[in-house]
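Visitor: Here this note's numbering is used: position 97 in the sequence shown is 99, and no number is missing along the way.
A portion of the hints provided could be inaccurate.
Said to hold, decoys possible - Listed next, the in silico EDC-like pairs over lysine to aspartate or glutamate satisfying Cα-Cα at most 16 Å (straight line):
hint : residue 1 : residue 2
1    : K46       : D202
2    : K92       : E33
3    : K326      : D314
4    : K83       : D115
5    : K327      : D314
6    : K61       : E281
7    : K150      : D115
8    : K317      : D178
9    : K46       : D94
10   : K90       : D64
11   : K61       : E33
12   : K68       : E87
13   : K292      : E303
14   : K153      : E194
15   : K215      : D190
16   : K83       : D178
17   : K327      : D115
18   : K68       : D267
19   : K86       : D64
Just so you know, the hints here were simulated from the structure itself, not pulled from any lab data.
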Amino acid sequence: MKNGWIAAVVAAAAVSFNVAAAPDARAAGAEFGCSTAKLIVPWKPGGGTDVVFRIFANKINDSGAKPQIQVVNISGQGGNKGAKEARKSKSDGCTLFAIHQSAITSYLNGRVDFTWDAFEPVALLTNTPEIVGAAGNVPYENMDDLVKAAKAAPGTLLTGATFGSTSQFMWLLLEDLTGVQFKYVPFDGTRERMTAILSDTIQLGTINVASGKKYIQGGELKALGIADDKRSDQLPDLPTLKEQGIDMVYALTRGIVVAKGTPQDKIDHWAAIFKNAAEAPDVQKQMAAKGTDVSFTGPAEYSAWFRKTYADHEKVAIKIGMYKKK
């Protein structure tokens with residue numbers, strides 16, 4: 003299959019995990035010097051990442067877990083402003099950081115000089131498949147139409163992305179798979195990108211079920227394909243990229259990390275807290291409604307996931323000329 007190895011590489015970013023062993027919250031005896039821990043979300047309020055972590059934080063706080071969690075949005079620089087702030091935090095377990103593959107792609111893109119291993123992984127939580135989204139008035143209805151249009155006018159289709167993040171990386175992969183070229187327009191987050199698509203400022207951008215479902219159903223946006231192994235239960239009429247001949251799977255995989263050097267008992271404490279929240283039926287129901295799979299895995303397994311995902315992304319980044327390994 004043409005470029006099949008790239009699909010296998012990208013699939014690593016969307017692989018589902020079984021619930022892995024983590025300490026029971028009642029047995030986590032870590033002592034904290036804070037009654038409330040800060041959870042840095044490096045995007046503006048209301049975006050997909052912010053919504054996911056607020057659901058977890060609300061569940062954890064409602065359970066009476068200690069410390070409680072306060073979500074703090076530190077947006078800017080495509081998520082890197084918040085990442086820099088989190089990296090500087092004390093290794094006392096009182097600052098958590100909401101992370102996804104942008105920690106890898108920003109490094110490979112040269113926007114920051116550190117990646118996932120500047121932190122201590124705590125827990126992988128969710129996977130959200132990406133959707134190839136388009137403005138409602140574009141003249142194409144599926145991926146075949148898009149590829150033909152892009153080949154007919156190389157480098158002209160305006161495509162919104164957060165530079166150095168997953169929202170650009172997916173399009174770069176799509177370019178490599180299909181031989182097309184897009185023209186990128188920078189936006190700091192999902193909300194700004196969505197506004198631009200809805201106002202016809204740009205023609206293309208990644209979306210997901212949570213951010214795009216009502217607009218897709220209302221005809222204000224078009225969904226050309228979902229980068230998953232299966233169709234979404236929320237959008238059952240939307241074919242996968244694989245169904246349309248593009249062997250590609252890509253999902254935004256979100257989790258929690260803490261500062262480098264945080265003691266293991268504090269890492270285990272938070273892993274147990276988030277495991278309990280991930281197993282809660284109401285959390286799973288809310289995530290499913292947003293087209294997001296709950297895929298908890300604990301610290302050791304999350305570290306292994308990061309190592310493999312980084313290696314796979316690095317291979318692709320080198321192939322497309324994004325990253326020149328030192």
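Visitor: None of the hints should be skipped; say for each whether it holds.
Guide: Hints and how they fare:
1. K46 to D202: The hint is violated at about 22 Å.
2. K92 to E33: 15 Å, holds
3. K326 to D314: Holds: K326 and D314 sit about 14 Å apart, inside 16 Å.
4. K83 to D115: 13 Å, holds
5. K327 to D314: Distance ~13 Å between K327 and D314 Cα, so the pair holds.
6. K61 to E281: 11 Å, holds
7. K150 to D115: 37 Å, violated
8. K317 to D178: Measuring from Cα to Cα gives roughly 13 Å; hence the hint holds.
9. K46 to D94: 25 Å, violated
10. K90 to D64: Given that 16 Å is the threshold and the Cα spacing comes to 29 Å, the pair is violated.
11. K61 to E33: 21 Å, violated
12. K68 to E87: 23 Å, violated
13. K292 to E303: 25 Å, violated
14. K153 to E194: Status violated; Cα separation ~27 Å.
15. K215 to D190: 21 Å, violated
16. K83 to D178: 29 Å, violated
17. K327 to D115: 13 Å, holds
18. K68 to D267: 14 Å, holds
19. K86 to D64: 29 Å, violated
The structure fails to meet hints 1, 7, 9, 10, 11, 12, 13, 14, 15, 16, 19 from the earlier list, while all remaining hints are met.
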